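Undergrad: Knowing the structure of chain A, use the given hints to seat chain B on it.
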Amino acid sequence: MTSGWASLRRLAPAVFVLAATAIVTASAEIPLNERRSGYADLGRETKAMQDDDTANPGMLAVLDGEALWSAKAGSAGRSCADCHGDARTSMKGVAARYPAFDAKAGRPVNIEQRINLCRDERQQAKPFAYESRDMLALSAFVGLQSRGQPIAPPDDARLQPFRDAGRDTYNRRQGQLNLACGHCHDDNRGQRLAGIVIPQAHPTGYPLYRLEWQSVGSLQRRLRNCLIGMRAEHYAYGAPEYVELETYLMWRARGMPMETPAVRP
Amino acid sequence: MARALINVPAKARKGDVIEIKTLISHVMESGFRRTQTGEAIPRDIVTAFACTYNGEEIFAAQLYPAISANPFITFHTVATESGTFEFKWTGDNGFAATETAKIVVE
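Residue numbers (my numbering), protein chains in the order written: chain A, 1 to 265; chain B, 1 to 106.
Looking at chain A on its own, in the form it has when it is part of the complex (with noise of 0.2 angstroms):
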């Protein structure tokens, strides 16, 4: 399977150069007025094809996700529907604010595990494994629920331990290359990494239909993509490290409309 970057190997002297001119360890943060989608650095046709519905693979996934939403499962043989009605309204601009704090767990949930928890607690199903299609496809029709919405990370004070813990996680060197994500997000964005444009990377767009892929994935798996790419120690999907991330990288792009689902390359 492909991951992160095409070839690490044709890529390394690039990688190199960068680690090399990035010095400092502590990036400064990017000016509100000054940060962009990933979108704005899509070419012409990719762009056409996050623009336009019929075009946009990612909304296939939100098609499957739609006849879930109303499809009865479980022993309690209740769908979402039979409690949350009419996805349009009731899950507007939910994903926006996720992750959130969920008491019992003690610590933040993203909208993956939020709707795992309907599954498990309300409809007493099994959990969705991550990254699985009903996963994607239920996460891509909530997310759609919440395009052209705001991100509002909820103003929680017990997010905020989690929020330092993904920041200093965002900040910290890691990995063979000895790289943290802001070297290239806020020092270098906008530069290239071989051919890629550096991206400031907001999680605007997730799940998104990403064309290496050639399928929808979630920001857990983009996350993952990087580590490799950085030849760090990746984490299990739903580790409290991606949720940490998740619950910084929302807060860094706080005021961003959302765009799921997104395309990229």
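Calculated directly from the structure, the hints in this document are not laboratory data.
Incorrect hints may have been included.
What the hints assert, rightly or not - Using C-beta positions, here's what the derived DEER-type ranges look like:
1. B/106 with A/129: 36 to 42 angstroms
2. B/98 with A/175: 30 to 36 angstroms
3. B/93 with A/178: 44 to 50 angstroms
4. B/98 with A/195: 39 to 45 angstroms
5. B/93 with A/92: 46 to 52 angstroms
6. A/240 with B/36: 26 to 32 angstroms
7. A/103 with B/93: 44 to 50 angstroms
Stated by the list, open to error - Over the 12 angstroms line for every Cβ pair with chain A, so calculated as not near, a few chain B residues:
8. 3
9. 11
10. 28
11. 40
12. 54
13. 62
14. 71
15. 72
16. 80
17. 81
18. 100
19. 102
20. 105
Stated by the list, open to error - To list a few chain A residues with every Cβ distance to chain B over 12 angstroms, as calculated:
21. 55
22. 164
23. 197
24. 209
25. 214
26. 233
27. 240
Since this is a predicted model, take the numbers as computed values, not measurements.
We put the beta carbon where it would ideally sit given N, CA and C, even for glycine.
TA: Okay, now just chain B, sitting in the frame of chain A:
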């Protein structure tokens, strides 16, 4: 049945050149890949696509392993009369999908 998205203008004037866009969900497994343990993954692709306009074929295509997942096929035709477009995809392992779209020509 596989999900498909069709974009046909609902209305057109007689003689207009219209654009038709189709997108279908399909893995398009090329048959050239192997699993981590070295076993060949069998080919599973859409092999043919055809579109009829009130029963008459106006566009057809053959698809091959190098075409990406979820094939997106667009083409143009001349709006001649009101009626129905029918889209048909067929492929490996008995894959078959059909969709229709209506157009009003004034």
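Undergrad: Decide, hint by hint, whether the structure agrees.
TA: A quick look at each hint next to the structure:
1. B/106 with A/129: 36 to 42 angstroms: violated (51 angstroms)
2. B/98 with A/175: 30 to 36 angstroms: violated (49 angstroms)
3. B/93 with A/178: 44 to 50 angstroms: With a Cβ separation near 47 angstroms, residue 93 of chain B and residue 178 of chain A satisfy 44 to 50 angstroms, so the hint holds.
4. B/98 with A/195: 39 to 45 angstroms: Once the Cβ atoms are compared, 40 angstroms apart, the range 39 to 45 angstroms for residue 195 of chain A and residue 98 of chain B holds.
5. B/93 with A/92: 46 to 52 angstroms: At roughly 40 angstroms between Cβ atoms, residue 92 of chain A and residue 93 of chain B fall outside 46 to 52 angstroms, so the hint is violated.
6. A/240 with B/36: 26 to 32 angstroms: holds (28 angstroms)
7. A/103 with B/93: 44 to 50 angstroms: The hint (44 to 50 angstroms, Cβ to Cβ) holds, given that residue 103 of chain A and residue 93 of chain B are roughly 48 angstroms apart.
8. 3: Incorrect as stated: the minimum Cβ-Cβ distance to chain A is 5 angstroms, not above 12 angstroms.
9. 11: Residue 11 of chain B clear of chain A: closest Cβ-Cβ about 16 angstroms, beyond 12 angstroms.
10. 28: Label violated. Min Cβ-Cβ 8 angstroms, cutoff 12 angstroms.
11. 40: Label holds. Min Cβ-Cβ 15 angstroms, cutoff 12 angstroms.
12. 54: Its Cβ never comes within 12 angstroms of chain A, the nearest being 22 angstroms, so this holds.
13. 62: Nearest chain A Cβ is 20 angstroms from residue 62 of chain B, so the label holds.
14. 71: Violated, since 10 angstroms does not exceed 12 angstroms.
15. 72: Nearest chain A Cβ is 6 angstroms from residue 72 of chain B, so the label is violated.
16. 80: holds (23 angstroms)
17. 81: holds (23 angstroms)
18. 100: Since the minimum Cβ distance to chain A is about 15 angstroms, residue 100 of chain B lies beyond 12 angstroms and the statement holds.
19. 102: Since the minimum Cβ distance to chain A is about 15 angstroms, residue 102 of chain B lies beyond 12 angstroms and the statement holds.
20. 105: holds (20 angstroms)
21. 55: violated (6 angstroms)
22. 164: Since the minimum Cβ distance to chain B is about 38 angstroms, residue 164 of chain A lies beyond 12 angstroms and the statement holds.
23. 197: Its Cβ never comes within 12 angstroms of chain B, the nearest being 21 angstroms, so this holds.
24. 209: violated (8 angstroms)
25. 214: For residue 214 of chain A, whose nearest Cβ neighbour in chain B is about 4 angstroms away, the distance does not exceed 12 angstroms, so it is violated.
26. 233: The claim holds: residue 233 of chain A sits with its nearest Cβ about 19 angstroms from chain B, beyond 12 angstroms.
27. 240: Given that every Cβ of chain B is farther than 12 angstroms from that of residue 240 of chain A, nearest at about 28 angstroms, it holds.
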